[in-house]
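Listed below, chain by chain, are the residues.
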Amino acid sequence: MSEYAAMLLDDPIWLIAVKGLMIFALCVLLTLMAIWSERRIVARMQLRVGPNRVGPFGLLQGLADGVKLALKEDLIPKAADRVVFILAPIISASTCFLAFAVIPMTGKVILFGEETVMQLTDLPVGVLYILAAASVGVYGIVLAGWSSGSTYPLLGGLRSSAQVISYEIAMGLSFVAVFMCAQSMSTSDIVAAQSQWWNAVVLFPSFVIYVISMVGETNRAPFDLAEAEGELVGGFHTEYSSLKFALFFLAEYVNIIAVSALATTLFLGGPSAPPGLGFTESWLGGWFTFVWSMVKVFGFFFLFVWLRGTLPRLRYDQFMKFGWKVLIPANIAWIIVVATLRLMTQQGASQFMIASFTGGVVLAVLIAMTLYESSKKRSEEAARYLPDLPEPSFPVPALPTRKEVGE
Amino acid sequence: MSGSELQPKRSDAIEKAAAQSVPATGQEPSGFFKQLQGFWVTFSTMFKKPLTIEYPEVKPEVQPRFHGRHQLNRYEDGLEKCIGCELCAWACPADAIYVEGESNTSENQVSPGERHAKVYQINYLRCIFCGLCIEACPTRALTMTSEYEIADDKREKLIWEKEDLLAPLRKGMLPPPHPMYPGADHHTYYRGEIKESHPSQEVKQ
Numbered sequence: 001m002s003e004y005a006a007m008l009l010d011d012p013i014w015l016i017a018v019k020g021l022m023i024f025a026l027c028v029l030l031t032l033m034a035i036w037s038e039r040r041i042v043a044r045m046q047l048r049v050g051p052n053r054v055g056p057f058g059l060l061q062g063l064a065d066g067v068k069l070a071l072k073e074d075l076i077p078k079a080a081d082r083v084v085f086i087l088a089p090i091i092s093a094s095t096c097f098l099a100f101a102v103i104p105m106t107g108k109v110i111l112f113g114e115e116t117v118m119q120l121t122d123l124p125v126g127v128l129y130i131l132a133a134a135s136v137g138v139y140g141i142v143l144a145g146w147s148s149g150s151t152y153p154l155l156g157g158l159r160s161s162a163q164v165i166s167y168e169i170a171m172g173l174s175f176v177a178v179f180m181c182a183q184s185m186s187t188s189d190i191v192a193a194q195s196q197w198w199n200a201v202v203l204f205p206s207f208v209i210y211v212i213s214m215v216g217e218t219n220r221a222p223f224d225l226a227e228a229e230g231e232l233v234g235g236f237h238t239e240y241s242s243l244k245f246a247l248f249f250l251a252e253y254v255n256i257i258a259v260s261a262l263a264t265t266l267f268l269g270g271p272s273a274p275p276g277l278g279f280t281e282s283w284l285g286g287w288f289t290f291v292w293s294m295v296k297v298f299g300f301f302f303l304f305v306w307l308r309g310t311l312p313r314l315r316y317d318q319f320m321k322f323g324w325k326v327l328i329p330a331n332i333a334w335i336i337v338v339a340t341l342r343l344m345t346q347q348g349a350s351q352f353m354i355a356s357f358t359g360g361v362v363l364a365v366l367i368a369m370t371l372y373e374s375s376k377k378r379s380e381e382a383a384r385y386l387p388d389l390p391e392p393s394f395p396v397p398a399l400p401t402r403k404e405v406g407e
Numbered sequence: 001m002s003g004s005e006l007q008p009k010r011s012d013a014i015e016k017a018a019a020q021s022v023p024a025t026g027q028e029p030s031g032f033f034k035q036l037q038g039f040w041v042t043f044s045t046m047f048k049k050p051l052t053i054e055y056p057e058v059k060p061e062v063q064p065r066f067h068g069r070h071q072l073n074r075y076e077d078g079l080e081k082c083i084g085c086e087l088c089a090w091a092c093p094a095d096a097i098y099v100e101g102e103s104n105t106s107e108n109q110v111s112p113g114e115r116h117a118k119v120y121q122i123n124y125l126r127c128i129f130c131g132l133c134i135e136a137c138p139t140r141a142l143t144m145t146s147e148y149e150i151a152d153d154k155r156e157k158l159i160w161e162k163e164d165l166l167a168p169l170r171k172g173m174l175p176p177p178h179p180m181y182p183g184a185d186h187h188t189y190y191r192g193e194i195k196e197s198h199p200s201q202e203v204k205q
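Protein sequences appear in the order of chains U and W.
Those letters in the first sequence? Residues 1 to 407, by my numbering.
Those letters in the second sequence? Residues 1 to 205, by my numbering.
Chain U extracted, bound-state conformation (with noise of 0.2 Å):
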C-alpha cells in the first residue's frame, strides 16, 4: 500500500462528503467551460469568433444553455418505454462521474486541517474500475436508444454502444503495458511509478493506442458515427429533449474530461510536474500540483477539439475495421514486447540479449510493414480491372470509364 493510500484511509467522513461535493462541483465547472471552450476554438480554427456574447468573452455561454435547455419541452414519445426513457439519461449521467473517484488530481494538500490528497478513494483495482463504470454508462446510450421506441435512436444507440465496447477493448489493452511497469493497478501507485519517466514516454505506443480509443470511447470526432447527421440525426439521443438530453450532454462532456484526466494519470504522471518543474510542487502548499494536472487535462481536451476541427467523419465499418484489426492486434503484439523486455531484465539478461531482441522486433515491425504495403499496392492494381460489363442497352448508358479501365 503506497504512503498515499494510508494518507485516504484515515479520511474522516465528512472530508469525504467534501471531497465528493467537489468532485461533482469540479466536473459541472469544467463541463461548462469545457462547451464554451470548445466552441470557441473550433470557431478560431474556422476564421469565426464562437460565442462572445454571455458574460465576459462569452464565458457564461455554457449556464446560458444548460438554463435554455432545462426550460424547453420535456417530450416523451408515444411508443418509448417510460420507465427506461427516463432511466437512461440518468444511468448515463451518473456513471459519468464515477471515474473521477479514483483520479488524483493534487499531490498532498492540507484540505481542512487534515493531510490528504484530492481524490475520493484509493482503490487496489482502481483503473479496472474506471473501467467498469465506463461499462455501466454504455447501458444509459443503449436503454435511451432501445426506448425511444424509434429506429434512428435504435440504430444510433447500437452504433454507440458496438463503438463503445469496442474500443474499450483496445482501450483496457493499453493499460495493461502500464500495469505491468508500474506492477499495480491503483492510480497512485501508478502515478507514484512515473516519477522518473512518465509513461507517456516509455510505453509510447500504449499511449498512442490510448489517445485514439478515447476518443473512440467518448463517440467523438472523427468517431462521432452515433450522431451522423445525415444518416442517424442525433443517434441515441434524437427523442431526447429539455433536462434529459441536457444529462446526455453533461455525460458525454465529463466523460471526455474522464477519460482526459485517465490519460493524464496513467501517462502524463497525474498531478506531478513536468521534468524539470519539480519545485512547483510545493507551491501553494501543494495545491498548485492541481494546476498541474488541469493542464495536462485541457491538454488532452483541446487534443479532441482538435481532432474534430481537423478531421471528417470515418465510415462506420472503416471505424470497426480500425478497432478490430489495427488497435487491437498492434496492442497485443506490444503488450507481448513489454512483457519479454520485462523478463528478460528481471532474469538478468546480457544489455546485448536485450539490444538484439529489440533490434529484432523493430525489424519484424518494418517487414510486416513492406508486406502490407506492396499487398495493398497489388489488390489497388486489381481494383482498376472492373468485370467485362454487359453492352449499354438504351435508357442505360455506358459507364465513363468502362473503356480506359479495360486498358
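There could be a bad hint or two in this list.
To be verified - Straight-line C-alpha distance at most 35 Å; calculated DSBU-like pairs for lysine-lysine:
1. W/157 to U/68
2. U/321 to W/34
3. W/157 to W/171
4. W/34 to U/325
5. U/68 to W/154
6. W/154 to U/72
7. W/157 to U/72
8. U/72 to W/59
9. W/34 to U/376
10. W/49 to U/68
Since the hints were made in silico from the structure, they are not lab data.
Following the hints, put chain W in place on chain U, whose structure we already have.
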C-alpha cells in the same frame, strides 16, 4: 415497324468526355506526414484574424450598388418624381408594390406633369430586392438605398407607405403640394433644369 420504338438520341458527348478523362483509381493514399498537414492548417488558422463582423456593433459597409430598401425621390424643388404610372408594380415579380395614381390639379400639384401617386405601398414581406422596379421606373423616382435593417416584429409594420418611402426634404426643397417652377413644365423637370424652389412656389393658389 421500328418507328414506334423509342430511339435513343445519338450524341457523342459522353464518349468524348470519357476519352479525355483519366480513370479514377479510388482513394489515392497520401503519405502519413502529408495527412498531418491538415492539423497544421487548423492550428495556424486559430491565430489568424476571424472573418466575423460583429454585426450589431459594427455595421458592415455594403457594396456601392447594394439592393437595400426603396426610396421615392424628389426634384430639387421638393416635387415628387413619381408619376403614379404603376410600371414598378407591373414589373414586380413578387407583387410587392401597390400604387394608386391620381391626377394633379392646380390645388394639389404633387409632382410635375399630369399624375402623381395617391397611394404608394411596398410590402417588405414580399419584396425580394431584385431591383426590377427600379429598372422599370421611367422617371428615376424609385431607387434603392443601402439601408438593410428593415426587419420588424409586426406584419403591418412591414408594409411601407409613401411617407415612409419618400426621400427627406433637403435644403431648397418645399414640401408638396405646390405649383411647378414658374415657366417650367414636366420636360424641364425631367431634364434636371430645376435646381431649387422658387419663392413664388410657396404661394398657395
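How the hints compare with the structure:
1. W/157 to U/68: holds, 30 Å
2. U/321 to W/34: Holds - the C-alpha atoms of residue 34 of chain W and residue 321 of chain U are around 22 Å apart, at most 35 Å.
3. W/157 to W/171: With Cα atoms ~29 Å apart, residue 157 of chain W and residue 171 of chain W stay inside 35 Å; holds.
4. W/34 to U/325: holds, 24 Å
5. U/68 to W/154: holds, 25 Å
6. W/154 to U/72: holds, 25 Å
7. W/157 to U/72: With Cα atoms ~30 Å apart, residue 157 of chain W and residue 72 of chain U stay inside 35 Å; holds.
8. U/72 to W/59: With Cα atoms ~33 Å apart, residue 72 of chain U and residue 59 of chain W stay inside 35 Å; holds.
9. W/34 to U/376: holds, 19 Å
10. W/49 to U/68: holds, 31 Å
Violation of the numbered hints given earlier is absent; every hint is satisfied by the structure.
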